[in-house]
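All chains should be built: construct the whole structure from the sequences, respecting the hints.
Going by the working numbering, the letters in the sequence shown line up with residues 375 to 522, in that order.
Don't take every hint at face value.
As the list claims (entries may be wrong) - Quick list of simulated restraints, FRET-style, between CB atoms:
#, residue 1, residue 2, range
1, Q425, A403, 34 to 42 Å
2, A403, G489, 44 to 52 Å
3, Q425, A520, 43 to 51 Å
4, D450, P420, 24 to 32 Å
5, P466, A399, 36 to 44 Å
6, A410, A440, 16 to 24 Å
7, F416, F515, 44 to 52 Å
8, A421, F515, 30 to 38 Å
9, A517, S429, 42 to 50 Å
10, Q518, A413, 50 to 58 Å
11, A413, I494, 30 to 38 Å
Since the hints were made in silico from the structure, they are not lab data. These figures come from a predicted structure and were not determined experimentally. Just so you know, even glycine gets a beta-carbon here, dropped at the ideal spot from N, CA and C.
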Amino acid sequence: MLRVLTPALLALATALPAVAQDVSADVAAKAAATRAQIAQMFGAEPAFVGQIADSALPGLWEQTMAVEFSDDTALDAKTKALISLAVSAQIPCQYCIWMDTNSARSAGATDQEIGEAVAIAGLTRNWSTVFNGLQVDFDQFKAQLAGN
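Structure follows, in structure tokens:
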């Protein structure tokens with residue numbers, strides 16, 4: 375069996391560098407196109423974009439455009455920005471907090487709405503700490519609060 379596989383493996387190993395070069399060229403081309411889209415949107419390519427692996431950038435950008443920056447979603451831009459800000463405050467991510475606060479304001483959020491979004495995030499974290507720290511029984515919790 376090994377004698378049969380050896381020529382096939384040798385042929386595959388010989389072909390792999392050429393396949394890798396084709397894949398690398400394709401990945402680099404997709405990353406370059408994505409960087410151009412990003413630069414067009416922001417007026418220039420932010421420095422951090424150059425630090426993202428070519429293989430990861432197109433997918434990250436596609437997902438961001440489809441969910442965060444698209445108007446064709448169930449949530450409006452202000453709601454998405456407030457949710458992202460609340461999550462960012464809990465992670466915490468200073469970059470996201472800064473950007474999401476600006477995005478929320480650009481989408482029409484007031485200081486009061488921004489404050490409430492962050493307060494809700496804090497309350498959620500607070501109650502999570504209480505429930506988990508006290509090891510509250512989850513099935514009992516659901517049964518008692520289900521309203522049935």
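Now the hints, each set against the structure:
1. Evaluation of the 34 to 42 Å hint for Q425 and A403 yields a failure: the beta carbon distance comes to about 19 Å.
2. Our hint of 44 to 52 Å for A403 and G489 holds, since their Cβ atoms are close to 45 Å apart.
3. For the pair Q425 and A520, the supplied restraint of 43 to 51 Å holds, since their beta-carbon distance comes to about 47 Å.
4. Separated by about 25 Å at the C-beta atoms, D450 and P420 satisfy the suggested range of 24 to 32 Å.
5. For the pair P466 and A399, the supplied restraint of 36 to 44 Å holds, since their beta-carbon distance comes to about 39 Å.
6. The given range of 16 to 24 Å is respected by A410 and A440, whose C-beta atoms sit roughly 18 Å from each other.
7. Between F416 and F515 the beta carbons are some 45 Å apart, a value that agrees with the proposed interval 44 to 52 Å.
8. Distance hint check for A421 and F515: the Cβ-Cβ separation is about 46 Å, which falls outside the suggested range of 30 to 38 Å.
9. Taking the beta carbon of each, A517 and S429 are about 47 Å apart, inside 42 to 50 Å as hinted.
10. In this structure the supplied range 50 to 58 Å holds for Q518 paired with A413, their Cβ-Cβ distance being about 54 Å.
11. A hinted range of 30 to 38 Å for the beta carbons of A413 and I494 is consistent with their spacing of about 35 Å.
Hints 1, 8 from the earlier list are contradicted by this structure; the remaining hints agree with it.
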